[in-house]
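Colleague: For reference, the chains in residue letters:
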Amino acid sequence: MNFEFDSEQNDLREAVRGLLDRAYGDAEQRRQVTKNDPGFDEKTWGQLAEMGVLGLPFAEEDGGMGAGPVEVAIVAEQIGRVLAPEPFVEAVVLAGGLVAAVGTAEQRAELLAPLSEGSSVLAFAHAEPTTRWSAAAQGVTASADGDSWTLTGVKEPVLGGARADVLVVSAVTDGGTALFVVDGDASGLTRTGYRTHDGGRAANVTFASTPARLLGEGTGDRTAEIEKAFALARIAYANEAVGAMETALRTTSEYLTQRKQFGVTLNKFQALTFRAADMYVSLELARSTALWASMVADAGGDVVAAADRARLQTSRAGRHIGKEAIQLHGGIGVTAEYKVGHYTSRLTAIDHVLGDGDWALDRLAATVGDHPTVDPLGAPFTG
Amino acid sequence: MRLQLSPELETFREEMRTFFTTQVPQEIRDTVAARRHVSKEQYVEAQRALNAAGLAVPHWPVEWGGRDWTPLQRHIWREEMQLACVPEPLAFNTSMIGPVLAQFGNQEQKERFLAKTANLDIWWCQGFSEPDAGSDLASLRTTAVRDGDDWIVNGQKTWTTLGQHADWIFCLCRTDPTAEKKQRGISLLLFPMDTPGVTIRPIELLDGGHEVNEVFFEDVRVPAENLVGEENQGWTMAKFLLGNERVGIARVGTTKYYLKLAKELAREIQVGGRTLLDDPRMAGRIAEVENELLALELTALRVVANSADGRPHPASSVLKLRGSELQQAATELLVDIAGPLSLASFADGGSEVPDWARVATPEYLNYRKVSIYGGSNEVQRTIIAGTILGL
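Going down the list, the protein sequences come from chains A and B. For what it's worth, my numbering labels the leading residue of the first sequence as 1, then goes sequentially. For what it's worth, my numbering labels the leading residue of the second sequence as 1001, then goes sequentially.
Simulated from the structure, these hints should not be mistaken for lab results. A quick note: this is a predicted structure, and the numbers were derived from the prediction, not measured. Note that CB positions come from ideal geometry on N, CA and C, so glycine has one too. Certain hints may be false.
Quick partial rundown of chain A residues pointing at chain B, CB under 10 Å, derived from the structure [said to hold, decoys possible]:
id: 1; residue: N2
id: 2; residue: F5
id: 3; residue: V281
id: 4; residue: E284
id: 5; residue: D358
id: 6; residue: R363
id: 7; residue: V368
id: 8; residue: T373
id: 9; residue: G378
Input sequences plus hints: build the corresponding full structure.
Modeller: See the structure below:
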């Protein structure tokens, strides 16, 4: 058992950190980038591709780098550190992850190589206005006519849905929830994009007899694959949240040592420093859980259970640190010009993409009687 | 990064588990499992069983019975011991004065005390806190004045845990009241509890138990050879000792056992046609504490796996703070599972309330101590804010 990165992983971290620091080390740069569509910087996206980051989790024969969940965690944490708006988790980990898990060899080559090269951005169109973090599709249905398929219904909010070159879409078939691929320029596809509170982009995606290709072989139910892809994305988000929480705490600590009131710097007030200490406790506990869940994924253990645990811990920590970071700053924390509030906004968004803390807790509570104790280094986590 | 233990450590863990569950008398483990009072004889018997197998003081220098284990091995040893409901080796002996003597004592003191300390042939108690020196320990006022070949000790200690069983006390005394910094005028003395002039008085606690004491010193004569280290060097040793006290203080294994118990007991309670464990709110509470405990355990593992070079990991300060909070959360769960039955705390014969429900509230009240001792949680927050966050 070892929680340290090896030298290649450290190199990856330094390289990604360097690139993202140049792009977003100054929070004002991020504000400018997120003001305009597509909400991220195409040039930075290209640089991430050149570095191999966008193909990180995919097999080499599919055009990827053959790395694993630990490398994904490293990138996600660095993204969180500077709130880089590039859709790494959404396009690579989630949409790309589904293609890698479900797609035929031909589809993997066709979709993952351009994704890895940065020439095609993917998005997973799954959420629906009437569902709530479910792995099953409900409101978009697929109809077959011989070998060809069409989709009808509405997906929203679809993160990155307007900019995506290709959409991976979940839809109801006779066999349950199947996955489809829809080209961005397909007929009968209407995409209405908008800005989200954290500077990201989402869209209403409406399908009206839109031509689609079945992802993978057969129309069997894919909720298990979706559940697993969600789990890997939740773990990546957990690491992104850790990066964001670390910056939020560091920014807050620096502010406390600089801002003066009543003739002294704020760190002279124990009421404030104790709260910062509690933020540190939350951060370190969340970090341990996020790293562990990444290792469970790497070891081939029960990734769904590990992801729920990471989700719960980072949800609680994210809310705690996000709210306190603003409160300890005072009024400046709620301004758009100053950076700390954006961290709170992003942590709040992460909390609602794939299930919040209470949602994860409900799932853990439902199985709490199934095990006498939890052994993080044993079954079912070690694979 | 690697999740699994190495095959060697898996074997080590299995060996520990087997030993603790088969070689420590069942009746003693049952006492701990039922959260009943562990007697002096039981403490001694359990520690001697461990010591005979080389498992009482693995963290000491090899010369004095230590095992040269890695921090991770020690962590596994402690966790398995707690999970198996084995009383831990007496902290005053094995975590406090033993390591201090091994580090600062002279050869004669080491030979005189260490083997007996490991085997609990001598039961030590801690003479640190005083009525006006708690978190601010350096304000202590008990004095030791040199008189020929002896020190004469006068003053009072308090919160002396299990002092009623103790043979000897290790006692911080002010030996230089004129020192510019109060920390520099303190020395560490050792003396038997039956020395003339030592009186002990029990402090009754909320749980009705007798766990701590006041100890009074009136012209207690202590031979000069019983000074540990140099005169006025006591604060260095106190800090060394308190640093050791925080090792293993997260008590993850103990809390894990409590949660296991909470689930078993919640399953036995019927409310409105279902068990209490099937009540979503109760299940959620247990699951939340269980997840927080997982996060704590992982943090402890991060700390021990990455502290091989001897420097404490910054996150180690989290362990005491969160570990104590989760011990308290677990004992609170047990009270809430007992519900109205918890009121029968002091029932004796003639009560139909099960034993576990009777001990629930006294233990919950007793466990308020864990966020106070070993450096209160407010002291831990001060350390985190100051040394980690630079505030």
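Colleague: Holds or violated: is there a CB of chain B closer than 10 Å to the CB of A/R363?
Modeller: 9 Å, holds
Colleague: Measuring from the C-beta of A/T373 to each C-beta in chain B, is the shortest one below 10 Å?
Modeller: Status holds, d = 5 Å.
Colleague: Min Cβ distance, A/D358 to chain B: is it shorter than 10 Å?
Modeller: 8 Å, holds
Colleague: Tell me if A/G378 is really an interface residue toward chain B, meaning its C-beta lies closer than 10 Å to one of theirs.
Modeller: OK, holds: A/G378 within 10 Å of chain B, min 9 Å.
Colleague: Just to be careful: measuring from the Cβ of A/E284 to every Cβ in chain B, is the smallest value less than 10 Å?
Modeller: 5 Å, holds
Colleague: Is the interface hint for A/V368 satisfied, with its Cβ closer than 10 Å to some Cβ of chain B?
Modeller: 4 Å, holds
Colleague: Are A/V281 and chain B close enough, Cβ to Cβ, to be under 10 Å, as the hint says?
Modeller: 5 Å, holds
Colleague: With a cut-off of 10 Å on the beta carbons, see whether A/N2 makes it to chain B.
Modeller: Nearest chain B Cβ about 5 Å off; hint holds.
Colleague: Go through the hint on A/F5 and say holds or violated, using the shortest Cβ distance to chain B against 10 Å.
Modeller: 6 Å, holds
Checked against the numbered hints above, the structure violates none of them.
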